[in-house]
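Number of protein chains: 2
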Amino acid sequence: MSHISVGVEYGLHCLLHLSGPPTGVEVASVRNLAELQGVSVDYVAKLFTKLGKAGLTVSTEGKNGGFRLAKPANEITVLDVVNAIDGVKPLFECREIRTRCAVFDGQAPRWATAGVCSIHAVMLDAEKRMREALASQTLADIAARTGAKAPRSYGNHVVRWMQSRTTPS
Amino acid sequence: MSHISVGVEYGLHCLLHLSGPPTGVEVASVRNLAELQGVSVDYVAKLFTKLGKAGLTVSTEGKNGGFRLAKPANEITVLDVVNAIDGVKPLFECREIRTRCAVFDGQAPRWATAGVCSIHAVMLDAEKRMREALASQTLADIAARTGAKAPRSYGNHVVRWMQSRTTPS
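In order, the protein sequence lines correspond to chains D and W.
The numbering used here applies: residue 186 is where the first sequence begins, and numbers increase by one.
The numbering used here applies: residue 186 is where the second sequence begins, and numbers increase by one.
The set of hints was computed from the structure by calculation and includes no laboratory data.
Each hint should be verified, as a subset may be incorrect.
Same chains, same names: a pair is fine if it fits in one copy or spans any two.
As a list, the in silico BS3-like pairs of lysine-lysine whose alpha-carbon atoms are at most 30 angstroms apart [unchecked claim]:
#, residue 1, residue 2
1, K238, K334
2, K231, K248
3, K231, K256
4, K248, K274
5, K248, K313
6, K334, K248
7, K274, K231
8, K235, K313
9, K235, K274
10, K274, K313
11, K256, K274
12, K235, K248
13, K235, K256
14, K256, K238
All chains should be modelled from the sequences, with the hints used to inform the complete structure.
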C-alpha cells in the first residue's frame with residue numbers, strides 16, 4: 186500500500202466535486218458522490234466521517250441535504266485531506282537502533298541518545314519537505330487546473346447529473 | 186508499515202559503520218555488523234545483497250573479508266540507500282479515478298485523460314521534494330554529525346570491538 190492511500194484520492198475527488206462552479210456543485214449527497222465515482226455509498230460515507238471530524242466538511246439539513254465544504258476551497262489544502270483520511274502518518278519510524286550498539290554493552294551513554302538520531306533527522310526533513318508541498322496546494326488550485334482543461338459544458342454536465350438525481354420538491 | 190522501512194535504518198547503520206574513521210571501519214563482516222546491532226546474520230546478509238546489487242558495497246576477499254563501501258561515503262546518499270533497500274516506491278498510486286466519472290458514461294473524453302491527473306501532479310511534486318531532501322544528505326554528512334557528538338574514544342571502541350572478533354592470522 187502506498188504511503189498516501191487511495192482513500193485520499195477519492196476524498197479529494199469528492200471535495201473537488203463540492204468546490205463549486207465551474208466544475209463542481211456546492212452541496213451533494215454521499216449517494217450521488219459515490220455513484221459519480223462508481224464506488225459504494227458506505228465507502229464514501231466513511232470518508233465523509235473522517236472529513237467531517239477534521240472540520241473540512243459539514244452536513245446540510247433538508248431532504249436534499251448532503252455535504253458541503255466547511256470553508257472556502259482555497260482554505261483546504263491537500264495536506265488537510267491527507268491528514269484527515271490517513272491520519273498524520275510518519276514517513277519513517279525510528280527504532281533508535283543507535284542506543285543498541287553492542288559496544289555500549291546495554292548501557293548507551295548520554296551522548297549517543299541525546300537529541301534526534303542523525304538518520305531520523307534526515308527522514309524528518311524529507312517528511313517536512315513532502316508536507317510543505319502538500320500544504321502548498323489547495324482544492325481551489327486543483328479545481329482551477331481542472332477547470333482550465335475542461336470544456337465549459339463539463340461543469341454544466343456534472344451539475345445536471347447531480348440535479349437529475351435530486352428528489353423533486 | 187512506514188513508507189521508509191526499518192531495513193533502511195539498519196542498512197544506513199551498517200554503511201555508517203563502514204564509513205571509516207573516526208567512528209567507523211573500512212571493512213567489516215556481515216556477522217560483526219549483525220552482532221554490533223543485535224540482529225540476525227541472515228537479516229544483514231539480505232540487506233547487503235540489496236546494497237551490493239545497487240552498487241553501494243562490494244565484498245572483499247580473504248579470511249578477514251567482508252564488505253566495504255563501493256565508493257566514498259560522500260558519494261552515497263540516503264536516497265541511494267532507500268532505493269537500494271526499499272526499491273523506488275511511489276508515495277501515491279494514482280487510480281486514474283478522473284477517467285471513471287459517471288458523467289462520461291464509460292467514455293472519458295480526451296481532455297479528461299490528457300497529461301497527469303491534477304491530484305497526482307501534487308503528489309508527484311511532494312515525492313520529488315522528499316527525494317531531493319534524501320538525496321541532499323550523504324553517509325559522510327551523517328557520519329560527521331555522529332563524529333561531532335561522540336567522544337574520540339567511541340571510534341576506537343568500535344574498531345577494537347570489530348578487531349576483537351576478527352580471526353587472528
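The hints, checked one at a time:
no.	hint	result
1	K238 - K334	neither (32 angstroms within a copy, 43 angstroms between copies)
2	K231 - K248	within (21 angstroms within a copy, 60 angstroms between copies)
3	K231 - K256	within (20 angstroms within a copy, 50 angstroms between copies)
4	K248 - K274	neither (37 angstroms within a copy, 45 angstroms between copies)
5	K248 - K313	neither (43 angstroms within a copy, 45 angstroms between copies)
6	K334 - K248	neither (34 angstroms within a copy, 65 angstroms between copies)
7	K274 - K231	both (19 angstroms within a copy, 27 angstroms between copies)
8	K235 - K313	both (23 angstroms within a copy, 28 angstroms between copies)
9	K235 - K274	both (15 angstroms within a copy, 26 angstroms between copies)
10	K274 - K313	both (12 angstroms within a copy, 18 angstroms between copies)
11	K256 - K274	within (24 angstroms within a copy, 34 angstroms between copies)
12	K235 - K248	within (23 angstroms within a copy, 59 angstroms between copies)
13	K235 - K256	within (16 angstroms within a copy, 48 angstroms between copies)
14	K256 - K238	within (14 angstroms within a copy, 50 angstroms between copies)
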